[in-house]
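Chemist: As they're listed, the protein sequences go chains X and F. Residue numbers for the first sequence follow the working numbering, beginning at -12 and rising by one. Residue numbers for the second sequence follow the working numbering, beginning at 19 and rising by one.
Simulated from the structure, these hints should not be mistaken for laboratory data. Don't take each hint at face value.
Said to hold, decoys possible - Just so you have them, the derived chain F footprint on chain X, three or more residues with Cβ under 8 Å:
| # | segment |
| --- | --- |
| 1 | 44 to 51 |
| 2 | 89 to 101 |
| 3 | 173 to 183 |
| 4 | 194 to 205 |
| 5 | 339 to 349 |
| 6 | 390 to 401 |
Glycine included, every Cβ here is placed at the ideal spot set by N, Cα and C.
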Amino acid sequence: MTDILTALNLVFTVDVLVTIIVASLLGMTIGAIPGLTAVMGVALLIPITFFMDPVPAISAIAALAAMAIFAGDIPGALVRIPGTPASAAYVGDAYAMTKQGHPERALGLSMVSACVGGIIGVILLMVAAPLLAKFATNFSSVEYFWLALLGLSCAAIIATASPIKGVLSLLFGLWVATIGIDEVAGQPRFTFGSIELMGGVSFIPAMIGMFALPEIIRNITKTNAPSEPPKMGPVFAGLGSAILKRKKNLIRGGLFGSVVGALPGAGADIAAWVSYAIAKRTSTEPEKFGTGHDEGIIEAGAANNGALSGAWVPTLVFGIPGDSITAIVIGVLYLKGLEPGPIIFIKTPELVYAIFIAFLLANLLLIPFGWIVIRLSRHLLRVPPSYFLPIVLACCIVGSFAINNTAFGVGIMIVFGIIGWLFDENGIPVAPAILGIVLGNTLEFNFVTSMLKSDGNPMILVERPIGLALAFCVLAVWIIPLLKKRKSSRTEQSS
Amino acid sequence: MKISDRAIGILAILGGFAIIYGTLEFRSIPGQQFGSAFFPTILGVVAICAGIAQLIVAERTTLIQFADWMKGPLVFRGLSVVVASFIWLLASDFLGFILSTTLLIFGLSLAAGGKVHIAALVGLGMTSVLYIIFGSILRVPLPHGFIENILL
């Protein structure tokens, strides 16, 4: 109880509340601009959080991400361009509603669904995280090795269209993580004689480059003329009865999204797509999906924000990111001297509760801020890309510079930006590379420690029951896609 | 710019060998079974295996295919992002943050089809905002040039 009161004191200060409000407005703006994603918004925020205390820093990330994911629905509903990939699942229905003359209905439904889904996710986070953390205190280097490998495997294999390309992206990230002085042996690795590289590749400029630069290039080379957004009616009219009618979809979407989000490597995009499919499959009117029907919007809208909160469960408990945003969060926690994992629940429980409260607050703020941004959305969509994209690039540059106060960070950002763009063009996912950079040292440290403990006997990795169970999970992640592919190719041959 | 999947496989194999080659010069620690080369060597081996797998599953396609926008004048817009960033990297040290960033936003806005007066206003306005946030409030030692010398 004392911890909760301390946490309340930590969150309800002017600094933190102002930070949450500013981050929320920034998230709303970024999400509402087509092409700018929540991940990119978080990446741009990191250089500023670098100078903050842990609670406002993490609160700002949570608020920005929640707002950006919801605001991504706005351009999707108004001009059929999803603001973030997580909004793409139900963009057809939302846009159809707009064409029928009810854009405010589409956006109102997604706003309330995002709020409820987010709150369900936070409740899951509050209940599951401390319980799992208690369990995880018994973990040794073996379990941490398997957990890191499980998270990386999920990101590389399950969450990508081409598992081999996912693995290649992951290997690139893991290799980047080895650059710099090996702390155990004092041996410089892959530094190519550069003194700057001795400290390793700074994670933040690399991440800003890989996420933001390809998006800037992609958007600046588009030729589509901006479409005129439609006029908006009152947002809350008839919203309550529509939501009550679909409460089953709302709760199921929130719960499902939270659970999917808690799986390492999955994320809001997958949660939204799968939830939309579930809504369609269980609906009594599946033929109406895609024609401006509300079930898909409510269920998938709740799922994507639920997933956002759920992704923090493995992040805080095991130090394994649930998605790209929480991969960035892990980097921030390390920068703040806080090692994510069960110990954080024992050493600084007030901080964990403060994160929970900040999350809850961010999701509650979705309604008033969402309403404001819906009213302003017509103007936001009119901002020409020729002006905001150079601003985003300037933010990337100054953000990369600010991490180590050297232009070397800007160089890293540009190089990784070009690599990220090449990855993007060739269907190689960027997220596994980022996770590889973040978790590379954890994976190597726990693997080498386990091998040293056992004098090189690899059986140590499967001697303990939890380690063995996790090993089976990793094996399943690697084998199931192969079996599925084999089955589908057999079906193709026989047909 | 789409590189053929086979070429990606070959690049992965070469990358794997390069990683292993790079580890050969790592010194081992006496009495220590697993040194600095241990983990990168595993990565190299897995990269070679993944590259071979990619070669097996890849279909035969043209080595490099350019996207439609890369074949027309839009390619200059795409390039301008990278070129402008590099120019900032090289010039900010002597031009200073304010001038180099204003020029970056202004130039890129024009390259992307913006109007001169709006681009100039956006460039000056946003640079000032960024300078106030990072340079003044967060006290980041941003590159100092002659404009900063006059103003500060």
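Chemist: For this structure, which hints from the list above don't hold up?
Modeler: 1, 2 and 5
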